[in-house]
Amino acid sequence: KNQVEQSPQSLIILEGKNCTLQCNYTVSPFSNLRWYKQDTGRGPVSLTIMTFSENTKSNGRYTATLDADTKQSSLHITASQLSDSASYICVVSLPSGGSYIPTFGRGTSLIVHP
Amino acid sequence: NAGVTQTPKFRILKIGQSMTLQCAQDMNHNYMYWYRQDPGMGLKLIYYSVGAGITDKGEVPNGYNVSRSTTEDFPLRLELAAPSQTSVYFCASSQETSGPNEQFFGPGTRLTVL
Numbered sequence: 001k002n003q004v005e006q007s008p009q010s011l012i013i014l015e016g017k018n019c020t021l022q023c024n025y026t027v028s029p030f031s032n033l034r035w036y037k038q039d040t041g042r043g044p045v046s047l048t049i050m051t052f053s054e055n056t057k058s059n060g061r062y063t064a065t066l067d068a069d070t071k072q073s074s075l076h077i078t079a080s081q082l083s084d085s086a087s088y089i090c091v092v093s094l095p096s097g098g099s100y101i102p103t104f105g106r107g108t109s110l111i112v113h114p
Numbered sequence: 115n116a117g118v119t120q121t122p123k124f125r126i127l128k129i130g131q132s133m134t135l136q137c138a139q140d141m142n143h144n145y146m147y148w149y150r151q152d153p154g155m156g157l158k159l160i161y162y163s164v165g166a167g168i169t170d171k172g173e174v175p176n177g178y179n180v181s182r183s184t185t186e187d188f189p190l191r192l193e194l195a196a197p198s199q200t201s202v203y204f205c206a207s208s209q210e211t212s213g214p215n216e217q218f219f220g221p222g223t224r225l226t227v228l
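As you go down the protein sequences, you meet chains A and B in turn. The first sequence runs 1 to 114 under the numbering used here. The second sequence runs 115 to 228 under the numbering used here.
The shape of chain A in the complex, shown without the other chains (with noise of 0.2 Å):
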């Protein structure tokens, strides 16, 4: 079973639009939690980063919640662009021998119509 788990694996929302993706992850301690979005075709870029003890964190029109009670995390996008069209990627940070190894899920891919 994946560590880290998002859903859902895809989602369509038409221009303007709020939409919110889940991110589930079964370890811890972890070092960090963090948001990528991944345009087609590149790598992906940093969106948000969460050490354990934070709750929140915005970066624009993108929200990352974190609730390590319930080893939970959303990522909620407002008044979506066109631009949002990616997939968008929850890493975990989990130790390992010393060092804290990302952990990836296998993203949200989101299609923003017009």
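Derived by calculation from the structure, the hints in this document are not laboratory data. Think of the CB as a built atom: it goes at the ideal place given N, C-alpha and C, for glycine as much as any other residue. A couple of the hints might just be wrong.
As the list claims (entries may be wrong) - Simulated restraints on C-beta separations: (1) A:Q9 <-> B:R224: 19 to 29 Å; (2) A:G41 <-> B:G177: 17 to 27 Å; (3) B:T226 <-> A:I111: 19 to 29 Å; (4) A:I111 <-> B:R224: 15 to 25 Å; (5) A:S99 <-> B:T121: 18 to 28 Å; (6) B:T134 <-> A:T70: 40 to 50 Å; (7) A:L11 <-> B:E216: 19 to 29 Å.
Put chain B on the given structure of chain A with help from the hints.
Same frame as chain A, but now just chain B:
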């Protein structure tokens, strides 16, 4: 700063051939990583390095080798290419692994093994 650069962008190999994927970063980051991304799957860690001269296996190291002779460069070697190694390969770097530490990704190398 160029950030993280990867070469080549695309490559087609025949079964049994070998090649080296190049990765370089100019941010003086200690940590560097190699990932592969198969269609519809999350990024899988192949190898990582915590500094020059130090490398360690990730989740899927079989069939690959790495070296880290300098802080800047982290090449990935495929000795006997197999169709299962058809994937998109991403190199990344970060200053640290703990705390609110950001990972920077290169543009990727798309490899096809026929």
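* Asked: Measuring from beta carbon to beta carbon, are B:T226 and A:I111 in 19 to 29 Å?
  -> Given about 26 Å between the Cβ atoms, the range holds.
* Asked: At the C-beta level, are A:S99 and B:T121 separated by a distance inside 18 to 28 Å?
  -> holds (27 Å)
* Asked: Does the hinted range 40 to 50 Å hold for B:T134 and A:T70 at CB?
  -> holds (44 Å)
* Take the C-beta atom of A:G41 and the C-beta atom of B:G177, compute their distance, and say whether it sits inside 17 to 27 Å. => Distance hint for A:G41, B:G177 holds at roughly 24 Å.
* Range hint 15 to 25 Å: satisfied by the CB atoms of A:I111 and B:R224? -> At 22 Å between Cβs, range holds.
* To do: Confirm or reject the claim that A:L11 and B:E216 have a C-beta distance inside 19 to 29 Å.
  => holds (25 Å)
* **Pairwise beta carbon distance, A:Q9 to B:R224, judged against the given window 19 to 29 Å** => Cβ of A:Q9 to Cβ of B:R224: about 23 Å, so the range 19 to 29 Å holds.
Checked against the numbered hints listed earlier, the structure breaks none of them; every hint is satisfied.
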